[in-house]
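Listed in order, the protein sequences are those of chains A and B.
In terms of the working numbering, the first sequence is residues 33 to 364.
In terms of the working numbering, the second sequence is residues 16 to 288.
Simulated from the structure, these hints should not be mistaken for lab results.
Some clues are possibly wrong.
[Stated by the list, open to error] To spell it out: a stretch of chain B is covered by chain A in this simulated footprint if at least three of its residues, at any positions, have a beta carbon under 8 Å from a beta carbon of chain A; those stretches are:
| # | region |
| --- | --- |
| 1 | 47-53 |
| 2 | 272-286 |
[Said to hold, decoys possible] Facing chain B, according to a computed beta carbon distance under 8 Å, are these residues of chain A, among others:
| # | residue |
| --- | --- |
| 3 | F38 |
| 4 | K46 |
| 5 | K104 |
| 6 | S107 |
| 7 | G108 |
| 8 | I110 |
| 9 | R132 |
| 10 | Q144 |
| 11 | D148 |
| 12 | I152 |
| 13 | L157 |
| 14 | D254 |
| 15 | L338 |
| 16 | F342 |
| 17 | V344 |
| 18 | A345 |
Note that the structure is predicted; figures quoted are calculated from it, not measured.
No residue lacks a Cβ here, since even glycine has one placed at the ideal position from N, Cα and C.
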Amino acid sequence: MNPSDFAIEVRDVKRSFRSIKKEEGLKGTLKLLYKPEYLTHEALKGVSFEIQKGEFTGLIGANGAGKTTLLKILSGLIPPTSGEAKVLGFTPFDRSIEFRKQISIVMGQKAQLWWDLPAIEAFDLIRALYQIPREIYRKRVDELTSLLDVTKLLNTQIRRLSLGERMKMEVIGAILHLPKVIFLDEPTIGLDVLASKKLREFLRAHNQREGATIILTSHNMDDISELCKRVLLIKEGSLIFDGNPKRLTEQDECVLKVKLLSAPTLTEVSSVLSIPNEQVSMDEEDPTTYVITITRSKITEYFQKLLASFQVADIGIQEASLERVIQRIYQS
Amino acid sequence: MTDEALRSPELSLNWRIATIRNGIKEALAYRGEFLLDIFGSAIVPVGIQLMLWTAILRGDPNASFAGMSYGELMAYTWTSLLFSQIRGGDLDFSIIEMIRTGTLNNYLLRPVGVLEFVYFKGLGEKLLTLLFCFSLGAIATLFTSLSLPNLLMAMMLALLGNVIAYLFGCILATVAFYWENAFAALMVKNMVVALFCGELIPLTIVPEKYSLIWKCTPFYLYVFGPTQVALGKWDTSIWLREMGLGLLWTLAFLILLHLAWKKSIHRYQGIGG
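Bound conformation, chain A alone:
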């Protein structure tokens, strides 16, 4: 692949943070005054990958895994301790004006619009900052606010909006200048199901229509599975998976859905299959069906054990949910 096809290139990026070690109690606090000790935390331990232009990539990992640190490096907020990152051919931390004009970041937990002003005032400032001609700006605001159902709220102070409404305004503010690369850090955090869905549909449409490269971090696996054809999974500062999220769910785990006529207890089922109790549960939608999470390579063996021990009325295989797989990876 031609290097110019890449929007983002990351080579062996490491980042560590130094912080003061604070011991417990007053004695520990006083000790800081005369003999401070420092801790070095390695947030990223040599991460490498490339992202093609126009890709919608998910960046996932447990809290503290290094996702946000990576986004901060890619957006130019902080430099890497070592290694090299390039975004659209720019070194992000140089923060050249041209680079800043072509990127955008939304941090779900931090408001970027002016708290005391209506969104339209903030958008107008963004228009001036990014030199968007007035006609194009007006058309785009109309279009984006209508797509996200927030047109009527344009003249309401940001602080008076609900979290979902505010987040929609933040996203509009972030893409008004049509950035080529967009970093979204938990944009659906705290949003209800409908608002999240609406935002996801909007982001997907924007990615397809404008061809923007988007990196999304989220703890909501619906965001990842619905939007991203590729995920980067970071664990304790290292990239441990890079590929289609389906590969994660297809890897080694699947779900058996079984209807048993004899209605055994969950413990009886797990002991017959010789698996831990927590791998067996009842289906939330159908309380007569057992849901068993198993290793893919042992499907035949479990089939045989179930047929030998119980009267089976129905049996089916499903992929394990992305959430379940990710949860297992975090815990391992």
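Got chain A sorted already, so can you dock chain B onto it with the hints?
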């Protein structure tokens, strides 16, 4: 549609105006707070001076203190009030808070100078204050010896003082990149500035042998200088000289700030996710 088609270069200056405009709107979002801030922050310096000069001279019109009569001291006190509201602001405190909490991110990624953006954001409110104080001064010209041209020149010097104050505050604020906070540093700075800017006392009463201290700083350009111009104690040639000196201070602080910021921004951690 291409990027070139989306951006027109003739709009490149507009962001400053748009930022100032939003700053004004933001200041007026809390009108009561805005007015209270102007009047409230004037109470202490004016109160101290009124009590001090009345106690020392006991209202005797013939008595003088350090060469200034009671009337002159009172004129200084009331006139300096017009400029003490323009001098500073708390933008440097905002910057250290942004560094500490990571909200500086919002400014770092915009395609304009970070500190310039922050300054213009705060300038909106300051221009409102300036307009308000200028109006008060203009009314005062009707029944005092203040003149409109002097007032205009004094306001220009005060605005230059405001720029210098911001740059100096920003230089100190870079300490926050190393200590994670610089509140104490800025508080000490504020106290020193309050003493040497002429907000609490006219600097002419400082004994000659100590006057070099305030003359070596740019702080007197914030309040003392503009007050002298407004009262007609400094003529146009002195005003021009002080404006020139102010511009030199601005240039020196700009260079220093550029160096300090360039070095310390590497320490920024953008705390928070």
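To see whether the hints hold, each was checked on the structure:
no., hint, result
1, 47-53, "violated (count 0)"
2, 272-286, "holds (count 4)"
3, F38, "19 Å, violated"
4, K46, "15 Å, violated"
5, K104, "5 Å, holds"
6, S107, "6 Å, holds"
7, G108, "7 Å, holds"
8, I110, "5 Å, holds"
9, R132, "4 Å, holds"
10, Q144, "5 Å, holds"
11, D148, "4 Å, holds"
12, I152, "11 Å, violated"
13, L157, "5 Å, holds"
14, D254, "20 Å, violated"
15, L338, "45 Å, violated"
16, F342, "48 Å, violated"
17, V344, "47 Å, violated"
18, A345, "48 Å, violated"
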